[in-house]
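J.: Listed below are the residues making up each chain.
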Amino acid sequence: MATTTKPSRSQTLAKTAMYPLDWLEERSGLVGGVKYFLFRKVPGDTSWWHTLGSATLTAFLVQLVTGVILAMYYKPDVNSAHESVEHITHDVWGGWLVRGMHRWGASVFIILMFMHMGRVFLFGAYKYPRELNWIVGVLILATGLFEGLTGYLLPFDQTAYWATVVAININGTAPFVGPWLASVLRGGAEIGPDTLARFYSIHMLLVPGALIGLIGLHLYLVVRLGVTSPPWSKEAADREPDPEPPPPRSGMVQPAPRAAGVRRRPSE
Amino acid sequence: MSSIDERRAGFQRYKENVKKRGKPFYPYAMFHDTVMSLVVVCVIVGLAIVWRYTSVLGELIGDKADPGTIQFVPRPDWYFYFLFYLLRIFKWPNSVILATVGIPTLLLIILLIMPFVDTRRERRLTRRPVAVVAAALVIISMGVLTYKGATAQEAIASEVKAAIPSWAKKQGFQNNKEALAGANLFAESGCTNCHTYLGTGSSNLGAPDLSAEGAKNKGIQFQIDHLKCPSCVNPGSPMPQFAPLGEDNLHKLATFLEASKGSQ
Chain A
1 MATTTKPSRS QTLAKTAMYP LDWLEERSGL VGGVKYFLFR KVPGDTSWWH
51 TLGSATLTAF LVQLVTGVIL AMYYKPDVNS AHESVEHITH DVWGGWLVRG
101 MHRWGASVFI ILMFMHMGRV FLFGAYKYPR ELNWIVGVLI LATGLFEGLT
151 GYLLPFDQTA YWATVVAINI NGTAPFVGPW LASVLRGGAE IGPDTLARFY
201 SIHMLLVPGA LIGLIGLHLY LVVRLGVTSP PWSKEAADRE PDPEPPPPRS
251 GMVQPAPRAA GVRRRPSE
Chain B
1 MSSIDERRAG FQRYKENVKK RGKPFYPYAM FHDTVMSLVV VCVIVGLAIV
51 WRYTSVLGEL IGDKADPGTI QFVPRPDWYF YFLFYLLRIF KWPNSVILAT
101 VGIPTLLLII LLIMPFVDTR RERRLTRRPV AVVAAALVII SMGVLTYKGA
151 TAQEAIASEV KAAIPSWAKK QGFQNNKEAL AGANLFAESG CTNCHTYLGT
201 GSSNLGAPDL SAEGAKNKGI QFQIDHLKCP SCVNPGSPMP QFAPLGEDNL
251 HKLATFLEAS KGSQ
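Taken in order, these protein sequences are the chains called A and B. The opening position of the first sequence corresponds to residue 1 in my numbering, with each subsequent residue numbered one higher. The opening position of the second sequence corresponds to residue 1 in my numbering, with each subsequent residue numbered one higher.
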C-alpha cells in the first residue's frame, strides 16, 4: 500500500500557479490547442522560405492596430475628412508615424501576399490536399486588394477622389452586376457625401471582418494539413522512398518485374 | 496527372515522415517567423519615416478633393498600375471591357481553378516546365506593366494650352471664338489626362482620340449631354461627369469638339 505523503511545498505552489490554466483547459480545451499549435511537428527542412506567410500576417496585424488608432481621429465626412487626415499627420503626437505605417503597411502587405503566393506556387504547395487553402488564399488576395482600393479614397485629396471616381466607373462597366455594384459603392446615382461614409464602413468593418475570417480559415488549414517541404529538399517529407536495391539474383529467377511493380497496382 | 490514390499515399507518407523526422514548430520554425516579422515591422516603420522626412515616397497629402475642379490625375495606388496601364493598351469603346473586366476576371478564374488543372504530384521545378514558364511570364508582364504605369506621363495643362493655336490652324476654327474658348477649357479641365488630341495628351483609361470627334457629326446637344453624364449616353463609360462646369462652358466645349473634324 502506497502511503499518501503530504505534497511538498513546491508541488502545492506549482499546482496553485497552474490552477487558472487547468481551469481554462478543463472548460475549453484551449490550452491543449495552443500546446498543439506550438509543439506540432513541421518538416525538418522548413526554412526561411516558409516565413512569408507569417510575415504577411504580421503586416496585416500592423494594419489592424494602426487602423484602429486612425479611426479614433478620422472623420468620414466630405467636409472634414481631409482636415482630419491633415490633423492626424501634423498635430496628433506620433500621428504621422501611425498614418505612415498604415499607408505603407498596405503596400508591404500586398507585396508579401504576392511573394507568399509565388512561394506556394513554386513549391507546388497548392497541390493535393491543399487545394482549398490555395483558394482561400486567392480570396484573401482579392479581398486585400479591394481593401486597398477602398482605403485609397479616405484621405480625400484630389488624387484619391478622382482615382476613385474612375475606379467606381470601371466597376460599373462589368456586365450584369457592374451597374448595381457601382451604385452600391457610390451610395446612390452620384458620388456624394454618402460615398465616403460607405467606403469608410466597407474599409474598416466589412472587408477587415471578411479578411479576419478568411485568414483564420487559412491558418486552420495550414495547421491541419502541415507545411510543404521545399521541392528540391533531399529529405522532402512526401518524397517517395528510394527504390529498394534489387535483391541478389539467384539462379534463373528474375526478380525484376516485381521490383518495378512495387508501387503500382494492377488497376492503374 | 497522378491518381487520387497516389496523391493520398504521398500525403500519408508526408504525415508519417513529419511525425518521425520533423521538428517542433516551437522553437525552430517560430524563431524564423519571429525574426522575419520583426524585419517586416522595421521595414514598415522605415517606410513611414522616409515618407515623413523625405520626398522620395511622394507627398504626405494632396489638395482637398474638389468635385468642381476637373483638373485631376486619376492615378491609383501602385499595386493597381498593371491594370491602370492595361487601360492604355485597350481602347474605348471596342476592347476596353477586356482590360476593365475581362483580364482581371480571367486571372482570378485561372488562379482559382489552377489546383484542379494541375493535379500531378510532381513538385520539382525542373519537372514542371509549363508552370515555371507561366510563372516567369506572369512576373515579367506584371513587372513591365507596373513599371510602365509608374513612368507614364500625364499631360501638363500649360503644355496642352501652348498647342491650341496649332490645333485651331489645323482644324480651321481660328475665327470661331466659341470653339477657341472650348479648346482652352479642354486643355484646363484635364481632358487630355485621358484623351489625346492631335498628338497632345496621354491616352489613358481606354479613352479615345478626339482629333476627329466632330467628323462624326453627332451635334452640339449630343456633346453637351455626353459631357454632363457620359455613362447615360454611352452605358458603361468610365468617364467622369463634367456637369459641374456649367451650361455655358459645356456649350463651348461641345462647339470645340464639333469643330474638330480631324487634321486636314
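Accuracy of the hints is not assured; some may be wrong.
SDA-like cross-link-like pairs, simulated, lysine to any residue; straight-line CA separation at most 20 Å [what the hints assert, rightly or not]:
| hint | chain 1 | residue 1 | chain 2 | residue 2 |
| --- | --- | --- | --- | --- |
| 1 | B | Lys19 | A | Lys6 |
| 2 | A | Lys234 | B | Arg124 |
| 3 | B | Lys228 | B | Ala152 |
| 4 | B | Lys15 | A | Thr16 |
| 5 | B | Lys148 | B | Phe90 |
| 6 | B | Lys148 | B | Val132 |
| 7 | B | Lys23 | A | Thr16 |
| 8 | B | Lys20 | A | Arg40 |
| 9 | A | Lys6 | A | Leu21 |
Hints were generated in silico from the structure; no laboratory data involved. For clarity, every value in this text was computed on a predicted model and none was experimentally measured.
J.: Each hint should be assessed against the structure and marked as holding or not.
T.: The hints, checked one at a time:
Straight-line distance between C-alpha atoms of Lys19(B) and Lys6(A) comes to about 40 Å, which puts the hinted pair past the 20 Å bound. With a CA separation close to 11 Å, the supplied pair Lys234(A) and Arg124(B) stays within the 20 Å bound. With a C-alpha separation of about 28 Å, the suggested pair Lys228(B) and Ala152(B) falls outside the 20 Å cut-off, and the hint is violated. The hinted pair formed by Lys15(B) and Thr16(A) fails the criterion: a straight-line CA distance of about 38 Å is larger than 20 Å.
Among the hinted pairs, Lys148(B) with Phe90(B) is consistent with the structure: their alpha-carbon atoms are about 15 Å apart, no more than 20 Å. Distance check on the hinted pair: Lys148(B) and Val132(B) sit about 24 Å apart at the alpha-carbon level, beyond 20 Å; violated. Of the pairs offered as hints, the one joining Lys23(B) and Thr16(A) is violated, with about 32 Å between alpha carbons and a cut-off of 20 Å exceeded. Of the supplied pair hints, the one linking Lys20(B) and Arg40(A) holds, its CA atoms being roughly 12 Å apart against a limit of 20 Å.
For a cut-off of 20 Å, the pair hint linking Lys6(A) to Leu21(A) is broken: about 23 Å separates their Cα positions.
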